[in-house]
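Build out the structure end to end from the sequences listed, making use of the hints.
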Amino acid sequence: MNPILALVAIAVIGGAVVVVAARDARTVSVALALTLVASPLLADPLAPPLGLAARLVGAILATYLLWMVVRQNRTVGMLPSPTSGSRIGWPAEILVAAAAAVVGFAAHGLGAAAGGPPLASAAGFAVATLAVVPVATGRDVIRVGTGLVLLLDAALLVRCALGGTPGDLEQLLAAGMLVVVAGAAAALAANARADGAGGFAFSDPTTARGRREPDAHPLDPG
Amino acid sequence: MTLLPFVLVTSVGAAIALLVRRNEWLAMASSMVCLVAAVVTALMIRPGEILMVGGSGVATTEYLRLFLVLGAVAGLLLVVVGEAVGSRRDAPAVTLGVLATSALALSLPDPRLAVLAATAGGGFGALVTLVSTGGRGASTVGIRVLRATVVAGTMAIAATAWIGRDLTDLAAQPVVFGLAYLAFAIAVAIRFGAIPAHAWAARLTDTVPESTLPLVTAWAPAAFAIVALAWADASIAPLGADIDLGSVRVVVLAIATASIVLASVAAFIQDDIEHVVGYAIIGDAGVVLLAVAALDPEAWAPARTWILVFVMARSAFAAWAAATRTTFSTGRVADLRGWAIRSPSLAVILVLVIVASIGLPGLAAFDARGSIVHLAIDGPLGVLVLLGTLSPLAYYGRLLVVGATRPAEGRGSAVAWRPVVSPLDVTDVRRWLRRTWSDNLTPTATAGAALLAILALAVSSGAFGASRAAAGLPPTLEVSTESFAPGVPEVPVGSDAPSAPPVDGEPSASPVEGGPSASPVEGEPSASPVEGEPSASPAP
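Residue numbers (numbering that gives the first Met the number 0), protein chains in the order written: chain A, 0 to 221; chain B, 0 to 539.
Just so you know, the hints here were simulated from the structure itself, not pulled from any lab data.
On a predicted model such as this, the values are computed, not experimentally measured, just so you know.
Any given hint might turn out to be false.
Said to hold, decoys possible - Facing chain B, a subset of chain A residues (Cβ under 7 Å, in silico):
1) Asp23
2) Val101
3) Val102
4) Ala105
5) Ala111
6) Leu161
7) Gly166
8) Asp167
9) Val180
As the list claims (entries may be wrong) - Covered stretches of chain B, as calculated for chain A (at least 3 residues, CB under 8 Å):
10) 108-120
11) 419-428
Every residue, glycine too, gets a C-beta built ideally from N, C-alpha and C.
As structure tokens, then:
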């Protein structure tokens, strides 16, 4: 096993753990940057310079778009807006990621010879597993959005593990896809944050929720 | 490479429109210019061209050209209709983004790359939910759209990666091929919002105007579905003789059938016409899923024909709904009594939409849908499903019956449909233009819907070479030289051997100047069956 690749895999998984566990949205975006920057390096052989550069630039741009939304600026009224974070805590998330990484490492190739390193498979499985909970149960836009970016990154890692190092055009397209998805999540998060005091949450906690009568067939009070 | 100007115009246009979105006028103006340029550059695309990038590349086909021309025209008309009836600020940018990503998805021969572009197109779609006030609820809907897109994209990336490699030493059970196929088919269902994965599409219908709906639920997923069809035909269908895929096909068929029938039921009982449009799109997407379930190369051409008809007909239906809402200031079906009597032009448009989407025997759409159902399901069940594909007649009939009912008291007057143009005020042309635009919102929306309906009917009847383009091969980086290889005995000029005329847009087969002639010699059989398609590549 290549020790450098192992370190990169640890960085990818560690960043993903922080993304799903942290409550400070700025910490989440920095950790996401670490995961996205390290992911294209998890290949053997390393991607061609042009493709690698595209992925790295794409990773930085994707996370910068999210950073612009989550940063604080009290002078313009942008107060801290936390994301919900993990409900089971970061130690449990680390254990979940470790278990998934073992499964991914053992299942490398998924029944056939693989063209990429087993560590990419391990990292892909771990990141995908970590992303499932925020994507499925997240109650704020940043948590779901970062989970979605992680999910795509996991798919790209598994694709690299199965088919080998992607070429330049594929890296360019992957970078573009990550930027579009992260940009869309950032725009939606900004839209939510600009609406009331609820931060990135799906519903404003300061607004009381009343019973909503059916629209189609209103009940006759008489 | 004539595809590059289109990709540049649409992608740069989308980026500019999003960057200057705070200046609504500037964003709209730049988007309109780029959409017009997109129509022009789409028309300039020449089929049969190849551009290599590293070890991969993009290739143009006649079908790609037709899809993009129709997409650019429909997108432009929907933006105009949206501006007339009130739409979202980012709708033009989303249109450009979806066109750019569709161009890439349909020109990339490698499905592993094409799904990346198609997924990015769905990401653009989520932006139509952005609003300037009350954005929390809209963002919630938008993130659900994004979630459906990314989950579908992840499944497709995994499926194409699993099969897109050397599997000669396969150690796993071959049934895993079925799982890969199932993953991609369900991904297509999720992207279309097919039943039971329709929750996000239903919420989207609540949130966005009708004119933006086809972008997110029809055009962007259509490119994704075309990639899925090409992948399934190339990777899964050839295995049909060796592997029993019956059980996974049943799942896909069930989703497709449920979507066709239940979406029509849902559209029939809805009170608002935008929900009728939303479920109509889901119902027609069920036929696309049937094509994915067919796993038969014979379904290739009818499936791609149907997709063209589907996106055009549903764009026209959405534009009709938008124009109707503006004309009568309501979208509730119960409040639209007498709409057809009061606005005969809208009635004509709806009839055109009905004929385009349902089709008539002999029209390309009708035949394509029948072929898809026949190839997907045999026997009496197939007949039932075929009847189910005619179920949209129920909600169309309801709309027409409501339209023919006597209008409510005080609402019986005919709607003015002629354009109103006041005398030109040369001292203040800008004000005159603004007034003329605001005086003609309803005629503009109606005209846009009429143009879309006519285009949809033309595509449905097989115009623009839709059927021939749909029968062409998927994009390929291989160029045939076999017909022109040295040593091939030349057929004497003027012989009785079968001959084909030279084909427009064919990639040049002449490797060196002065070598064997690139243009087919008279009397020599052409290697390419379809205009503009790269030839001699394996069947899809």
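Each hint tested on the structure:
This hint is violated: aspartate 23(A) has a C-beta 20 Å from the nearest C-beta of chain B, more than the 7 Å allowed. Annotation: valine 101(A) was flagged as interfacial toward chain B, and the flag is violated, the nearest CB pair being 19 Å apart, outside 7 Å. At its closest, the beta carbon of valine 102(A) sits 15 Å from a beta carbon of chain B; the interface hint therefore is violated under the 7 Å criterion. Contact between alanine 105(A) and chain B, as hinted, is not supported at the beta carbon level, the nearest pair being about 13 Å apart and thus beyond 7 Å.
Restraint check, alanine 111(A) versus chain B: the minimum CB separation of about 5 Å is within 7 Å; hint holds. Using the Cβ-Cβ criterion of 7 Å, the hint placing leucine 161(A) at the interface with chain B is satisfied: the shortest such distance is roughly 5 Å. Hint status for glycine 166(A) relative to chain B: holds, with the closest Cβ pair at about 4 Å, below 7 Å. Of the supplied interface hints, the one on aspartate 167(A) holds, with its beta-carbon coming within about 4 Å of a beta-carbon of chain B, less than 7 Å.
Proximity of valine 180(A) to chain B holds as hinted, the smallest CB-CB distance being about 4 Å (cut-off 7 Å). Evaluation of the coverage hint for the stretch 108-120 of chain B: fulfilled, as 7 residues show C-beta separations to chain A shorter than 8 Å, against a requirement of three. Counting residues of the stretch 419-428 of chain B whose beta carbon lies closer than 8 Å to any beta carbon of chain A gives 0, which falls below the threshold of three, so the coverage claim is violated.
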